[in-house]
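So you can see what is in the structure, the chains are spelled out below.
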Amino acid sequence: MTLRLRICHLYPDLLNLYGDRGNIMVLVQRARWRGIDVAVDEARLGDRIDPDAADLYFIGGGEDRQQRIAAGDLVRLKRGPLEAAAEDGAVVLAVCGGYQLVGRFYRPAEGEDLPGLGLLDLWTEHPGPGARRLIGNLVIQPEGGGPPLVGFENHGGRTRLGPAARPLGRVVSGFGNNGDDGWEGAVSGRVYGTYLHGPLLPKNPEFADRLIREALSRRHPGIELAPLPDVLEARARAAVLARVTKAESG
Amino acid sequence: MHTLPVIDLRLTAAIALGKATAALSRCLRRGGGTTMPGRVARAVEPRVLGRLARRLAAGSVIVAGTNGKTTTAHLLAHIMRTLGHRPVHNRAGANLAAGLASALIEHADLWGRERGDLGIFEVDEATVPRVVPQLAPRVAVFTNLFRDQLDRYGEIDYIAGLWRSAGASLAADLTCIANADDPLVYEAVRGLPGRLVTFGIEDERHALPALEHTAEARYCYRCGTPYAYAVTYFGHMGRYHCASCGVRRPAPDLTGRDLSLAGPDGAELTLDAGPRGAVRVRTVLPGLYNVYNVLAAAAAALQLGAGLPRVAEALATFAPAFGRAERVRLGEREVQMLLVKNPAGFNEVLRTVLATGPLSVLLIAINDRIADGRDVSWLWDVDVEMLAGRVAHVVTSGLRAEDMAVRLLYAGLPAEAIEVERAYDRALGRALGHLARGRLFVLPTYTAMLAIRGVLERWGAVRGFWET
Ligand SMILES: [Zn+2]
Chain Z
5 MTLRLRICHL YPDLLNLYGD RGNIMVLVQR ARWRGIDVAV DEARLGDRID PDAADLYFIG
65 GGEDRQQRIA AGDLVRLKRG PLEAAAEDGA VVLAVCGGYQ LVGRFYRPAE GEDLPGLGLL
125 DLWTEHPGPG ARRLIGNLVI QPEGGGPPLV GFENHGGRTR LGPAARPLGR VVSGFGNNGD
185 DGWEGAVSGR VYGTYLHGPL LPKNPEFADR LIREALSRRH PGIELAPLPD VLEARARAAV
245 LARVTKAESG
Chain V
37 MHTLPVIDLR LTAAIALGKA TAALSRCLRR GGGTTMPGRV ARAVEPRVLG RLARRLAAGS
97 VIVAGTNGKT TTAHLLAHIM RTLGHRPVHN RAGANLAAGL ASALIEHADL WGRERGDLGI
157 FEVDEATVPR VVPQLAPRVA VFTNLFRDQL DRYGEIDYIA GLWRSAGASL AADLTCIANA
217 DDPLVYEAVR GLPGRLVTFG IEDERHALPA LEHTAEARYC YRCGTPYAYA VTYFGHMGRY
277 HCASCGVRRP APDLTGRDLS LAGPDGAELT LDAGPRGAVR VRTVLPGLYN VYNVLAAAAA
337 ALQLGAGLPR VAEALATFAP AFGRAERVRL GEREVQMLLV KNPAGFNEVL RTVLATGPLS
397 VLLIAINDRI ADGRDVSWLW DVDVEMLAGR VAHVVTSGLR AEDMAVRLLY AGLPAEAIEV
457 ERAYDRALGR ALGHLARGRL FVLPTYTAML AIRGVLERWG AVRGFWET
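Going down the list, the protein sequences come from chains Z and V.
FYI, in our numbering the residues of the first sequence are 5 to 254.
FYI, in our numbering the residues of the second sequence are 37 to 504.
Hint data in this document are derived by calculation from the structure and do not stem from the laboratory.
Glycine is no exception: its CB is placed at the ideal position from the N, C-alpha and C atoms.
Careful, some of the hints might be misleading.
[Unchecked claim] Residues from chain Z shown here face chain V by an in silico Cβ test under 8 Å; the list is partial:
(1) L7
(2) G26
(3) Q33
(4) V44
(5) R69
(6) N158
(7) P206
(8) R239
(9) A240
[To be verified] The calculated label-pair distances, taken between Cβ atoms and stated as ranges, are:
(10) V:G496 with Z:E147: 51 to 61 Å
(11) Z:P133 with V:A52: 52 to 62 Å
(12) V:R226 with Z:A230: 53 to 63 Å
(13) Z:P133 with V:A207: 26 to 36 Å
(14) V:C259 with Z:E116: 16 to 26 Å
(15) V:R405 with Z:G148: 55 to 65 Å
(16) Z:R223 with V:A428: 34 to 44 Å
(17) Z:R69 with V:A459: 37 to 47 Å
(18) V:L366 with Z:R223: 23 to 33 Å
So that you can see chain V by itself, here it is in the shape it has in the complex (with noise of 0.2 Å):
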């Protein structure tokens, strides 16, 4: 025993550091500290994030996939919260292992006590096999795998492949939390050690007439044959089936049904849980994406103990968080920001921004930054087409706005209805000049939501994300 003060004097140093950063960070304004002390720290104990994670009394939970992790994550937070838990989660986009080690040392005090009792991480879908062993995870969230930033982690495969290859360090006793409409996440977590819960749509009233072609999963994962699709939702979700090795999609656990979609104002469904009842919710959160979202926040808050009918009171004073959906007023005149990140998730948005009707004026900011992917090449496989004919102005902005203004120019909008505006305070500024009252669509690649976030900071509208 008369080596335990030197392992405890060292996680104090390094959770001093951490703090330090993060002050020191706060004061010059660099984005919060998001990710430098988790960094530091881990410089003077590499096992600063497992170590912290062990003291959480009620244990981590993990949100991994390529859409809605940051959504879903908050989501089970604060349902978690209005049943007096004290959730810990990492900041959207902070997702790597030093993201998740900066928000325990924020919420630790020196001798690494945690305030909070269950963590709420999302974690970055290449991450998953390298803190899963750390975190010892009790429940994992697998959302839907896309297409994305595939100059970050090469090819899909290789996602899917990661993950089964994290099961060897899994605990038995974890409960996996899996799209069942996603046939890659499926065939990825089904193999895995401990209890497989699945999630997923039953309303046909919702399909698209036929597979889209930003689809990932045409052929069977596991023999190469074409899947049959009875039914698709968005990308690649849908009822599947393979004709010749016969995988088909589950029947879920946690049903999705009678969905009612209000276009950009949000959603209704019925919470199927099977034999644990079923139960009517309301969301803020628009589109079909974000009933994902909401059945795989229900799942894992179910799994931790919740009863439904507090998910669904939880589910309807749920605020988004910033720029997924969150509305900012200016004066007469309010903006909504949808993030855009991939194909599947452009055309859902797409669909949604347009379901009340056609629209005076759009703003879309894209960027190739690494966190947006450095490859712009995706604006390729949106169905930009929808616009043509039912939005009178498009104004582009971001680092990439002119591959967005050709984008639009071949899906078919006149060249007198794009504008170009690289700076995001400007091009804001004109796409707010078309619109006399009424609600401003935003739809920012991730780095330039949060330009845009800055811009309507500094015009005092919002608070800093800091705060938040």
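Isolated chain Z, as found in the complex (with noise of 0.2 Å):
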């Protein structure tokens, strides 16, 4: 039996401020690599979208006003289906923007609070216009264990976790939700939503495969996915942590 792996990319002209699309290549390459088939389905503004269609829906990030754009058409259009499909297994993952939107409601620096989906038991808040964003190098420890997570983070937003979420990992460097509480990100089932970008998958492969693994077992369960080479990842990753570490030493 061929394996299928079926993405669905939330506007991906809308919502990709940060190269968000480079997580799609991650995870088309890795799973064609081991001779998986892959399909990626991109849904727009306006369209709908079915929950047994794919099996990992991903949202990437974009500025206030593109943001406010896809706030409206998600809680219209989108939030029953990915509520239904992340029931059954489905993996959902949305990054900066996209986690903000999936949380219960975005709160701005300016102009009224935007719905969120609720996949994520989270709410953010934006200080104000004068505060200052967290931007810089990113450097996780999932909870749950694994090798570190490596990424840039650009945010204006607070996040905050109510009890229904546990955090992604812990912050090593960097920022995170929020930059006071120490935890970056959060998870319920296999929902994920991070403030990891650079994008997070091609320096974060273990985690790539996990998510692909996730998919994949929804309709084939216990499934295994081969080694890959990982050689110029690992590189890439050791680089970051190399240079987070000299900056946290100097």
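Hints in hand, dock the two standalone chains.
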């Protein structure tokens, strides 16, 4: 039986602020290198989505203006199907602005609150137009073990988790969710949210494989993935870790 | 009037200190002192920039925008020099207020008299509102707006808003020269006081098959409806309109027609100035992105009184600024550097170097210093895929050599084709090792370009940039 990884990329032309599409490229290539068939569907403004048509849904980030455009459409057309898909074991990965939108609400620096999808128990507030953005290399140690996740963050909003969401990891270097509680990202079941871009997946191949495995296991329980060399990926991650360590000791 | 000598003493002290700082940093070889003299002088006389700029007999021009500032300013200075002007312009990249002040101090005597008569300044996008009130420019050129260095400025809307806010301090006799093909630029400047002159390209043979995903301005700035593009040239440059609110690309005052691109060797085009006539021009600057720079510089020159034939003559004799398509000979081989700084520009550079066929080797050097942008995620917005199967070896260098290597791998290049060498001199050596003769294309970010030029200088191939 041929394995098929079915990806749904939400708002690829609206929410793609920091090379977010790199995450899709990594998922696609890592599946193809293993002989796994891949289909990427793009869902734009106004499109209806089918909870059974994809096993991995991805949402990237945008500027405030784009995020406002996306928020209304998400809540109106995508919330129901995404809830159904997540309940049925599909993976949802939301990065940066997308992370804020899968929470309960986003309170921008100016203007009305944006409603969120409520897939993760969290909320985000922007402290105001004069507040400093949280910018820089970000390294976290994932809860539940595994190698550190590395990337870059750049966000004005501060995110806080409610009791139903667990953090993705503890901040080793950088700001994370809000710059003061030491946590980064959020997980609930197979729904993941994070401020890590860079993009997230190229330098964190184990995490990419975890998402591919979980997505495939929705229809193929117990699936295992063949290992890949990951030589360049490991060097790139090591380079970031070395930089961060050097910056902290110097 | 009895207070005048005091003020002048202050100006003289500021200039003297600035000049001393410049001399000192030249001695110490600290990059030629491109911003420190201005910083020191401004500490003594905060108004030094405005006071010196006012002494330029022919006034000032500013050039702002994400891509092409340096090249456009150099092109314009070159054209104006052939008309007998003595332009004062800031060094590439030294485009904050201190860099502008440094240039004016360098060209002034101790009494503040300028040797030059026309200021041509490239100005950082976000610095525009701060320097405009002091410079009171005659002409302001706005080239394009791309997402670039977002870690420094936040978001692109912010920059467009800054330009609009600069409007209040602009003189009513100012001429704004704006890229008609960039909806972000056009929206940002069309309400400003003064006259608006636009430039753009009309040549559908050079249109892309579809809007690139690097396009920034997919949605109408005013109403949020997706723009309809009849033609796109690169990024979000093209002939757009909004079906909902009616905003559309204006008919340009200066149009580039009948483009003929000769890959990395340059381009030819017809400059059509409508009622002022048309002329065929040739430039060694390669690629569609440089056609926009030629149009911007020509539009500014026409505004400053140049005639079309003189513009064409000057363009033909223009040699590029270092790092911007500059060619350096190394025995049987030569090195051509093409600066990359954001996805749309990188795509254009890739199309340009691939125009003459497959390559045996390419050197890409990526840094993440402040001037490069600290966040390298933009590499994933570049269509690196177009290199797959069309280049045999790629050497990656710079502080983010590994990130570029990973990008190439996922673009479909085999791991064996990718060499990571962080040190610039060894990377150049490795890349040249794959090339018996001909041209090595080097694609660096800004600070990597400075470093590689430093290597070429140590090898005796080029002069120091403070001497150029
Ligand atoms: Zn509109």
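Checked hints:
Against a cut-off of 8 Å between C-beta atoms, the interface hint on L7 (chain Z) is violated, since the closest Cβ of chain V lies about 20 Å away. The criterion of a C-beta within 8 Å of any C-beta in chain V is met by G26 (chain Z), whose closest approach is roughly 3 Å, and the hint holds. Proximity of Q33 (chain Z) to chain V holds as hinted, the smallest CB-CB distance being about 5 Å (cut-off 8 Å). For V44 (chain Z), the suggested interface contact is broken, since its CB lies about 13 Å from the closest CB of chain V, more than 8 Å.
Because the closest C-beta pair between R69 (chain Z) and chain V is about 6 Å apart, less than 8 Å, the hint holds. The interface hint given for N158 (chain Z) holds, since its Cβ lies 6 Å from the closest Cβ of chain V, which is under the 8 Å cut-off. Look at P206 (chain Z): its Cβ gets to within about 5 Å of chain V, closer than 8 Å, so that hint holds up. Restraint check, R239 (chain Z) versus chain V: the minimum CB separation of about 5 Å is within 8 Å; hint holds.
Here the hint on A240 (chain Z) is kept, as its CB sits about 4 Å from the closest CB of chain V, short of 8 Å. Range check, G496 (chain V) to E147 (chain Z): about 56 Å between beta-carbon atoms, so the 51 to 61 Å window is met. Between P133 (chain Z) and A52 (chain V), the C-beta spacing of about 41 Å breaks the proposed range 52 to 62 Å. Distance hint check: the CB atoms of R226 (chain V) and A230 (chain Z) are about 57 Å apart, consistent with the given range 53 to 63 Å.
Separated by about 29 Å at the C-beta atoms, P133 (chain Z) and A207 (chain V) satisfy the suggested range of 26 to 36 Å. A hinted range of 16 to 26 Å holds for the C-beta pair C259 (chain V) and E116 (chain Z), which are about 18 Å apart. Separation of R405 (chain V) from G148 (chain Z) is about 36 Å and departs from the stated range, judged on CB atoms against 55 to 65 Å. For the pair R223 (chain Z) and A428 (chain V), the supplied restraint of 34 to 44 Å holds, since their beta-carbon distance comes to about 41 Å.
Taken as a hint, the range 37 to 47 Å holds for the pair R69 (chain Z) and A459 (chain V), whose Cβ atoms sit roughly 42 Å apart. Distance hint for L366 (chain V) and R223 (chain Z): a CB-CB separation of about 58 Å, inconsistent with the stated range 23 to 33 Å.
Of the hints listed earlier, those the structure fails to meet are numbers 1, 4, 11, 15, 18, in rising order.
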